[in-house]
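Undergrad: For reference, the chains in residue letters:
Number of protein chains: 6
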Amino acid sequence: MKKLLDYQVGESIDLYLMIKQATKGITTKGSPFMTVILQDKSGDLEAKLWDTTDAHVETYRAGTIVRVGGDIHEYRGKNQLRIKAIRPAKEEEGVTIADLIPSSEKSKEVLFEELMAFFFEMKNPQIQRITRHLLKKHETAFKTYPAATRNHHDYVSGLIDHVVSMLNLGKALADLYPSLNKDLLYAGIILHDVGKVIELSGPIGTQYTVEGNLLGHITIMVNEIEKAAEELNIEGEEVMLLQHMVLSHHGKEEWGSPKRPMLKEAEMLHYIDNIDAKMNMLDRALSQAKPGEFTERIFPLENRSFYKPTFE
Amino acid sequence: MKKLLDYQVGESIDLYLMIKQATKGITTKGSPFMTVILQDKSGDLEAKLWDTTDAHVETYRAGTIVRVGGDIHEYRGKNQLRIKAIRPAKEEEGVTIADLIPSSEKSKEVLFEELMAFFFEMKNPQIQRITRHLLKKHETAFKTYPAATRNHHDYVSGLIDHVVSMLNLGKALADLYPSLNKDLLYAGIILHDVGKVIELSGPIGTQYTVEGNLLGHITIMVNEIEKAAEELNIEGEEVMLLQHMVLSHHGKEEWGSPKRPMLKEAEMLHYIDNIDAKMNMLDRALSQAKPGEFTERIFPLENRSFYKPTFE
Amino acid sequence: MKKLLDYQVGESIDLYLMIKQATKGITTKGSPFMTVILQDKSGDLEAKLWDTTDAHVETYRAGTIVRVGGDIHEYRGKNQLRIKAIRPAKEEEGVTIADLIPSSEKSKEVLFEELMAFFFEMKNPQIQRITRHLLKKHETAFKTYPAATRNHHDYVSGLIDHVVSMLNLGKALADLYPSLNKDLLYAGIILHDVGKVIELSGPIGTQYTVEGNLLGHITIMVNEIEKAAEELNIEGEEVMLLQHMVLSHHGKEEWGSPKRPMLKEAEMLHYIDNIDAKMNMLDRALSQAKPGEFTERIFPLENRSFYKPTFE
Amino acid sequence: MKKLLDYQVGESIDLYLMIKQATKGITTKGSPFMTVILQDKSGDLEAKLWDTTDAHVETYRAGTIVRVGGDIHEYRGKNQLRIKAIRPAKEEEGVTIADLIPSSEKSKEVLFEELMAFFFEMKNPQIQRITRHLLKKHETAFKTYPAATRNHHDYVSGLIDHVVSMLNLGKALADLYPSLNKDLLYAGIILHDVGKVIELSGPIGTQYTVEGNLLGHITIMVNEIEKAAEELNIEGEEVMLLQHMVLSHHGKEEWGSPKRPMLKEAEMLHYIDNIDAKMNMLDRALSQAKPGEFTERIFPLENRSFYKPTFE
Amino acid sequence: MKKLLDYQVGESIDLYLMIKQATKGITTKGSPFMTVILQDKSGDLEAKLWDTTDAHVETYRAGTIVRVGGDIHEYRGKNQLRIKAIRPAKEEEGVTIADLIPSSEKSKEVLFEELMAFFFEMKNPQIQRITRHLLKKHETAFKTYPAATRNHHDYVSGLIDHVVSMLNLGKALADLYPSLNKDLLYAGIILHDVGKVIELSGPIGTQYTVEGNLLGHITIMVNEIEKAAEELNIEGEEVMLLQHMVLSHHGKEEWGSPKRPMLKEAEMLHYIDNIDAKMNMLDRALSQAKPGEFTERIFPLENRSFYKPTFE
Amino acid sequence: MKKLLDYQVGESIDLYLMIKQATKGITTKGSPFMTVILQDKSGDLEAKLWDTTDAHVETYRAGTIVRVGGDIHEYRGKNQLRIKAIRPAKEEEGVTIADLIPSSEKSKEVLFEELMAFFFEMKNPQIQRITRHLLKKHETAFKTYPAATRNHHDYVSGLIDHVVSMLNLGKALADLYPSLNKDLLYAGIILHDVGKVIELSGPIGTQYTVEGNLLGHITIMVNEIEKAAEELNIEGEEVMLLQHMVLSHHGKEEWGSPKRPMLKEAEMLHYIDNIDAKMNMLDRALSQAKPGEFTERIFPLENRSFYKPTFE
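Protein chains in written order, with the numbering used here: chain P, 9 to 320; chain C, 9 to 320; chain B, 9 to 320; chain Z, 9 to 320; chain E, 9 to 320; chain A, 9 to 320.
It should be emphasised that the hints constitute simulated quantities derived from the structure, not laboratory data.
There may be inaccurate statements among the hints.
For chains that are exact copies, the list does not tell them apart, and a pair is met inside one copy or across any two.
No farther apart than 16 Å at their CA atoms in a straight line, the calculated lysine to aspartate or glutamate pairs in the EDC-like style are these [what the hints assert, rightly or not]:
{"#": "1", "residue 1": "K92", "residue 2": "D59"}
{"#": "2", "residue 1": "K179", "residue 2": "E122"}
{"#": "3", "residue 1": "K316", "residue 2": "E219"}
Bear in mind that the values here come from a model prediction, so they are computed numbers and not experimental data.
Next comes chain P alone, as it looks inside the complex:
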């Protein structure tokens, strides 16, 4: 069935959608209106509701499922939705939030199982214990959070999806370059972004928390490793090296790592993270472009447009 982002400019839609975000506004001339972001599994689009009342504001909140009729038009190079009809979905219509939010292709349980399998290739007990302890402590959130608020893996269970993809890439690298220490590399991959479960507000309508703003997921996670080691009575270099892996994974001071990588595995963790994030962004942008044309500019890829070849 055709989804929201499958429609072209000029086409009409009649779809169940979820309100991802709703903001009140007032036109410069004084009439109230609302800006809503509507989504289904294919992605999201912005729309306006004009001449709205307080009742509309009550009804059309983030998280509400609605049935919407309208057309797709283009505004400053981006598609928008022009709403012609909108009403809240009725319970008996049987549409649930899970039907409308994008999520990883594999279920979080499958992903978690795949992740756990990587422990079989590890041998250092201290590193394993700390990693397992922190996974267990944050398991629920870790399985449902996105990896980011936007740009890449920004959907429900996006974080674990990203981590499992990175583990597979890590394994390929460790096979090609056998001098890499798998304990450090895999544990680093698993833990590097777990701090996001405290930095961000939750899987839906994700925002930065105050702690996220003031400390950031890197520092949060280094603290977590420190406390885990204390709780588990683990001392020794492993604790410090795991902290360094997390600390340095942004690669440069100006990208938020207070220390640059000083372990071979930390250097590789930074690359693996980058490649997996960029492949995710590129696949998404190229899926919207036609052969022989360029994608929209992709801001986190230095605002570049990418070309989609005419042959496969």
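Add chains C, B, Z, E and A to chain P, keeping to what the hints say.
TA: What follows is chains C, B, Z, E and A alone, placed relative to chain P:
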């Protein structure tokens, strides 16, 4: 009495000095020699010992007190000492290390007392408890460590000297700008560099530890605050804000702070730290320059030379 | 009494306000309108007047006092005023411009007296004579100009307010670091921005003059010192050092100083200027934020948002 | 058998070595000497020959095999060789250049065979034809050249060694991210540095040619692709995309690519190149470091030192 | 006769204009409209057509000549045209495209003749043959293309106009600095931007081609020189030096030159290109400004405004 | 007759030379020596005098003419002179300083006459009066100073040589771009570096003065224009524009101009200055290189080496 740095180029010396650092070398033509850095309270100078033997290496180690005769000469714009006679000091000559190492002008006990007085101006019990706890935990090292391996306050008890000077400046600012929160500001000043007692190796012959290299004093201290709060059962915003104060005190990501200051007091902490360090460097460099001339280039001040006016 | 910036979004106002700025416009569809910035002592807000005539343009000029009824609404994260009724104030209503423009808390006379008191701590006659001469020459403007067109101390008598605040901070520093030369430091603080009285157009509706654009207040002031010295028949290093203080007070070439500070006092002048400007911006931004929230982004503070703690 | 780089400071050697580079010098006091770089398969070290004559200059040229006795000493943190005895090797001693120059672990024939196998996974005939044509044209040089004059893969057959390693990594990525076009990716990997066979002077004593300096291997190779397409009568997007792959593989303008990657495969080529080069540099530097210590600073890795953990 | 850009804000026009660009849009409230850019020889202005139909879209395409009545108004600091009446021009009205598009002042034939005269001052036969060959190959396009899509010489025959102006400047330089090689300098000037005839789509409605985006005019032209040399059987340094001239003419890697200039003539080519482009931009911007005022900000001149003196 | 820089490595010399600079040194082992820079019209070379006495220091001062025998050798890629015999020249040998210092090819009188001729093309009386006044005031120094302490035009009368060369280039530009105002352009060229006569110490053994360091030639000259205008009772825009020309001629804040050019003529002045300085550096460097080779790296040209073609 005239000290090492009081002598001009061309003058002869006959002084007791301590060997700060000793390194073996071999000339490109193959003769062994030693490079020694000799110091007294006024500062240090480099010298060479030529045609040395294994016995010399044994005798002239870092920490040894020696009596040295020689002249001051200039080499590439820096003064050096040319040794004409050197022998280890004898015990009966009564010279001790404490006579020869530079240190803060006030004793560490006096400095600590001055520091403790600032708690009377604080009122938030959580912030006070964490700060006192960490001071107590690291008291011995905190009272003797330098603030840095070189550049500023790089002498025994330099760290507490720097902190007390910063507290006085902090108090002046808080008086002029009463909206500043003294609890956060004073605690931030006291704690900001305590992590150096783990980052650095000790008060003499100071070097970076492995943990110092891989984690850095900022991260080390944020961990310490986390553990202190846990141990003292303190929860709430104060913990996070203290961590942010420490985290952001370098002011910019490229200077090692994973987050820029987002508290007014954190912004001021960064300034206070800077001003006190720079005044220390400037006073030291200008004390070696003559009126109407420029100082040597000061690397951490963007390699600038400063002018010493001819009038006072 | 509640002032303009004390009203929240959704509240109605009925206030006397001054038109700070008025600009004609034509909608893309061709109807004339006006954008007016209205202010009282608490600050200013933008509003639109729709379907305006030439008569409106005549009536609603910058400097006019008006009585305005309307509501506060939000537009792109900033508050705006929606005007429902507007008319020029009548003379018998007794509202004056002085009632409506923000200004320093202390009167300019009090500030000037405070400033003059600092001369008692100076001892170098040349420096004093040049400084007094230039103060006298530009006294009227110096007492009424803002320190900047926006960002900090951008109100009537903002310049002298900023300077007196800096002098107090300078005195605190000179007390803590007695090696600082008070003559240079105080004269540098007093003179550093006097060139703004030529760079900017006046205390109200402040804009850059052509000379301000082409030469800038730094160069203008260095010229003024040159001419003052000539007129007063003063020669010697003091003239050059005062010029260097002014020249270098932006701290870096890329910030408009053709030379970086090469005097200890010049380095400190740059810090004092920065701290006082930043405290002014931070206090202003934080006064509009609620505890537990972040301020708007502050552009000249590298676009950062600052957090307002929940405790005092 | 112990090789040149296996000896520690203070140990004596007696080895056959090849002169990699020989430079005449004159001491500031006027005596002639020679600086020679001596190597065997383990790497190279610098040494001095003092008081040399014209006959020495004749005898000890680059490429000469010599028997050397001497000791290892340290000079400014780097090991050097102090020569005590040196003479040209005699033919009957049976030492050949191939015994003394470092080279890839696998033979160039094996590497070439491995490379050719990747064509079986490609399907686009134009891309294959151009790639095979250029490989054939430059086959001899391509099989023996180093990938660089220093830093990574800077040994005989280093270029093909680097390319085969990159192909294996490319295959792993293409398996994990199936949207990658293997034709473009593999051809890009194979061709990206073939221009080095014109940019550099040869497999031994490698230097930049004039053409290498003025045009660079990127431009040289884009020209080669243009001419190959013309010769093979191939038109169409494939030619342009292959040129873009080569053109953009340095990733940024400031690193010598006139265009940044605008193809997903070009973006990945840049990453693959980077990872393989960095792993080569890291493995080499870490092999010289002891557990629990840091490597020498590695210039092309932003001058960082890397830590070698104490556990495996 | 008064032309489009000669009218001031508030004046009415009645002119024949050409539609340079036409874009469909839909207001956020859903009504279709068109944005058209209208031009005559004096330049272009934007205008809107409201409530448009499919028939309008058909009628008002790029390239259509129309008769337009309306007024000039200002929008965000830029002039716009408010259309009151518009209709396609009739054939019998006798207005042609050539009457309405800006173009070089001299005809392309005159310019080409002037250009060819420079060959008389050249003496190296290889350089001349390659240059003549490429001129002949691309003559038609070279004579009609603009030098850029906007900013400078962005009109029909702008490229040759720019080149001839550069040649005159090159001749002046070669006269003042006789060590400059005229063969390299003139050939470099003539060829440096010929690649634009492939990078850009044509003389009117100019856009980047896919090849232009992926390879760029610099690389395209280096390829052309390579092929020309092959076709003409020319070998030797001249080919490489011509390629280097073209390659390096942007002056820095970050501006798209993979090599910086390494020939004196290449360094000068970069300057000549810059001066001629900037004089063109400055003359254009200053012609729109009044004496005693500043121009609009000029983006490619680092967004500066320039002052127009009150005296001549 | 063969001059100092005409000799190759390995050749012997016997020449009269002038000591340009003489510095005492002490070897690390304690023997006194001197480093002297010796020059004739062709340029300068460094040499050492070993085992020197106080008498040598007296005899071999800067400015002394000596007769020297020795050989040219190479040290770290630069030629040096090895002195075998040296003695002060005798008066009766008739060698004067003027015979040995490099200077402009034309005499300073001829240059000054050429410069004065440019006033005939100027028409604005205010600009002429200020320019003539300042030329007259500084005429003696202006005619003998170098344009810089090194890099370009760093010889006696180098400043006026540079200015006259720039005027010729300025005239060529004004002829090609007639919209340039010759009054501003020529006066800007003449005055732009006159401040160097105060920034630098003199024509021989040139160093920065204290005023040069603290204010810089740009600010010095802007002051001079201010005072000239006052003295001549000239008011009006011309004064400000001349100051802006001087102020902005370094082109960017980071290069020491507190304002970027905002006049067309100021923009061109920056280019003219650059071109003339670079041509001077390039001609000098290329004169020392052989055809088919690269020059030494030229630091102020971003450390590039330039290629000297094999053909003319």
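Undergrad: A separate judgement is required for each hint: does it hold in the structure or not?
TA: Here's how the hints hold up against the structure:
no.: 1; hint: K92 / D59; result: within (13 Å within a copy, 18 Å between copies)
no.: 2; hint: K179 / E122; result: within (13 Å within a copy, 22 Å between copies)
no.: 3; hint: K316 / E219; result: between (41 Å within a copy, 13 Å between copies)
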